[in-house]
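Line by line, the protein sequences give chains W and A.
Following this note's numbering, the numbering of the first sequence begins with 1 at its first residue and continues without gaps.
Following this note's numbering, the numbering of the second sequence begins with 1 at its first residue and continues without gaps.
If you're looking for bench data, these hints aren't it; they were derived computationally from the structure.
Certain hints may be false.
[Said to hold, decoys possible] Far from chain A, some chain W residues (derived; all Cβ distances over 10 Å):
1) P7
2) S17
3) T23
4) S36
5) P46
6) N62
7) K68
8) S69
9) G79
10) S91
11) S96
12) S97
13) T98
14) G104
[Unchecked claim] Here are the simulated lysine-lysine pairs, BS3-like style, with alpha carbons at most 25 Å apart:
15) K47/W x K68/W
16) K44/W x K55/W
17) K45/A x K13/A
18) K59/A x K73/A
19) K47/W x K13/A
20) K44/W x K45/A
21) K13/A x K66/A
22) K55/W x K68/W
23) K59/A x K47/W
24) K47/W x K45/A
25) K45/A x K66/A
[As the list claims (entries may be wrong)] Computed, partial: chain W to chain A, Cβ under 10 Å:
26) G30
27) N33
28) K44
29) A45
30) K47
31) F64
32) T72
33) A82
34) E85
35) Y93
36) W99
37) V100
38) F101
Remember, predicted model here, so these are calculated numbers, not experimental data.
We put the CB at the ideal spot given by N, CA and C, even for glycine.
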Amino acid sequence: QSALTQPASVSGSPGQSITISCTGTSSDVGVYNYVSWYQQHPGKAPKLMIFDVSKRPSGVSNRFSGSKSGNTASLTISGLQAEDEADYYCSSYTSSSTWVFGGGTELTVL
Amino acid sequence: QVTLRESGPALVKPTQTLTLTCTFSGFSLSTSGMCVSWIRQPPGKALEWLALIDWNDDKYYSTSLKTRLTISKDTSKNQVVLTMTNMDPVDTATYYCASGCVDAFDFWGQGTLVSVSS
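Whole structure, please, built from the sequences with the hints as guidance.
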């Protein structure tokens, strides 16, 4: 199972919006709505930000939103804040009854 | 609230077997719909899912590592154990356990760093 494809890095200024893409295949992202996104600050455990493509867990800011089109899922962060600077990972359930993560995207808030 | 904590050796030698324990609270693995996974992250690299066990004792493994992995649970102790055989330096990573089933890994432990070196 190959990793999902994410851009290595994205950046944006405070207040702006950014979008991180996550490209899979017709065996994972394209066929299941079990895409999730995780935020990881340095030295910390990942934190669930989005599940089932576009749902937010309780306590997660509504500045975070998710979507999917075909084999590509996306995470959008609006009103960028300094605290959003972190690594972001997508994940999907697969047709092999396994789970796969993306390679991770480093978000820099300029 | 849900908490998970990983425990195990910080250092193992090549070819040895690694045994990690995840001790959790706030849910029961005998409850329908509950699952626990193991996920690892080599230093400076991406997350990699390893294995999942569910409330029904069904087990799922990474395709590339399944010959080396065994996941099990002790419901009475609220623990999940992962064993990985034939450890190699490339297996050096922070190992996390996390709750959650098909749709997401919703709660994570703080992780435990395992180094493989002679």
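Going down the list of hints, with the structure as the test:
The beta carbon of P7/W is kept farther than 10 Å from every beta carbon of chain A, the shortest such distance being approximately 13 Å. With a minimum CB-CB distance of about 23 Å to chain A, S17/W clears the 10 Å threshold, and the non-interface call stands. The beta carbon of T23/W is kept farther than 10 Å from every beta carbon of chain A, the shortest such distance being approximately 15 Å. Not every beta carbon of chain A lies more than 10 Å from that of S36/W, the smallest distance being close to 4 Å; the non-interface claim is violated.
Not every CB of chain A lies more than 10 Å from the CB of P46/W, the least distance being 6 Å, so the non-interface label is violated. Separation of N62/W from chain A is adequate, the least Cβ-Cβ distance of about 18 Å exceeding the 10 Å criterion. No Cβ of chain A comes within 10 Å of the Cβ of K68/W; the nearest lies about 13 Å off, and the non-interface call holds. Its beta-carbon lying about 19 Å from the closest one in chain A, S69/W satisfies the requirement of being farther than 10 Å from that chain.
Every beta carbon of chain A lies more than 10 Å from that of G79/W, the smallest distance being close to 24 Å; the non-interface claim holds. A cut-off of 10 Å between C-beta atoms contradicts the statement that S91/W is not in contact with chain A; the least separation is 7 Å. Here S96/W does not stay apart from chain A, with its beta-carbon only about 6 Å from theirs, under the 10 Å limit. Residue-level check failed: S97/W sits 5 Å from the nearest beta carbon of chain A, not beyond 10 Å.
For T98/W, the shortest C-beta to C-beta distance to chain A comes to about 6 Å, within the 10 Å cut-off, and the non-interface label is violated. Remark: the non-interface label on G104/W conflicts with the geometry, its nearest Cβ contact in chain A lying 5 Å away (cut-off 10 Å). Distance restraint check for K47/W and K68/W: the Cα-Cα separation of roughly 20 Å lies within the 25 Å cut-off, and the hinted pair is therefore satisfied. Pair hint K44/W plus K55/W holds up; C-alpha atoms about 23 Å apart against a cutoff of 25 Å.
Between K45/A and K13/A the CA atoms are separated by roughly 22 Å; this keeps the pair inside 25 Å, and the hint holds. Under the criterion of a C-alpha separation no larger than 25 Å, the hint pairing K59/A with K73/A is consistent with the structure, at around 10 Å. Under the criterion of a C-alpha separation no larger than 25 Å, the hint pairing K47/W with K13/A is inconsistent with the structure, at around 31 Å. With a C-alpha separation of about 14 Å, the suggested pairing of K44/W with K45/A holds against the 25 Å cut-off.
Restraint check for K13/A and K66/A: the C-alpha separation of about 20 Å stays at or below 25 Å, so the hint holds. Proximity of K55/W to K68/W is assessed by CA-CA distance (about 12 Å); at most 25 Å being required, the pair is judged to hold. Among the hinted pairs, K59/A with K47/W is consistent with the structure: their alpha-carbon atoms are about 24 Å apart, no more than 25 Å. Of the pairs offered as hints, the one joining K47/W and K45/A holds, with about 17 Å between alpha carbons and a cut-off of 25 Å not exceeded.
Between the alpha carbons of K45/A and K66/A the distance comes to roughly 21 Å, so the proposed pair stays at or under 25 Å and holds. A hinted interface residue such as G30/W counts as satisfied when its beta carbon comes closer than 10 Å to some beta carbon of chain A; here the least separation is about 16 Å, so the hint is violated. The beta carbon of N33/W is positioned within 10 Å of a beta carbon in chain A (closest approach about 8 Å), and the interface hint is therefore held. The criterion of a C-beta within 10 Å of any C-beta in chain A is met by K44/W, whose closest approach is roughly 8 Å, and the hint holds.
Hint status for A45/W: holds, given a least beta-carbon distance of 4 Å to chain A, under 10 Å. Because the beta carbon of K47/W sits about 7 Å from the nearest beta carbon in chain A, less than 10 Å, this interface hint is met. Proximity of F64/W to chain A is violated relative to the hint, the smallest CB-CB distance being about 14 Å (cut-off 10 Å). The beta carbon of T72/W is not positioned within 10 Å of any beta carbon in chain A (closest approach about 18 Å), and the interface hint is therefore violated.
At its closest, the beta carbon of A82/W sits 23 Å from a beta carbon of chain A; the interface hint therefore is violated under the 10 Å criterion. The beta carbon of E85/W is not positioned within 10 Å of any beta carbon in chain A (closest approach about 17 Å), and the interface hint is therefore violated. Because the smallest distance between the Cβ of Y93/W and any Cβ of chain A comes to about 5 Å, under 10 Å, the interface hint for this residue holds. The beta carbon of W99/W is positioned within 10 Å of a beta carbon in chain A (closest approach about 4 Å), and the interface hint is therefore held.
A cut of 10 Å between beta carbons decides the hint on V100/W: the least distance to chain A is about 7 Å, and the hint holds. Hint status for F101/W relative to chain A: holds, with the closest Cβ pair at about 4 Å, below 10 Å.
Taken one by one, the earlier hints fail for this structure at numbers 4, 5, 10, 11, 12, 13, 14, 19, 26, 31, 32, 33 and 34, listed in ascending order.
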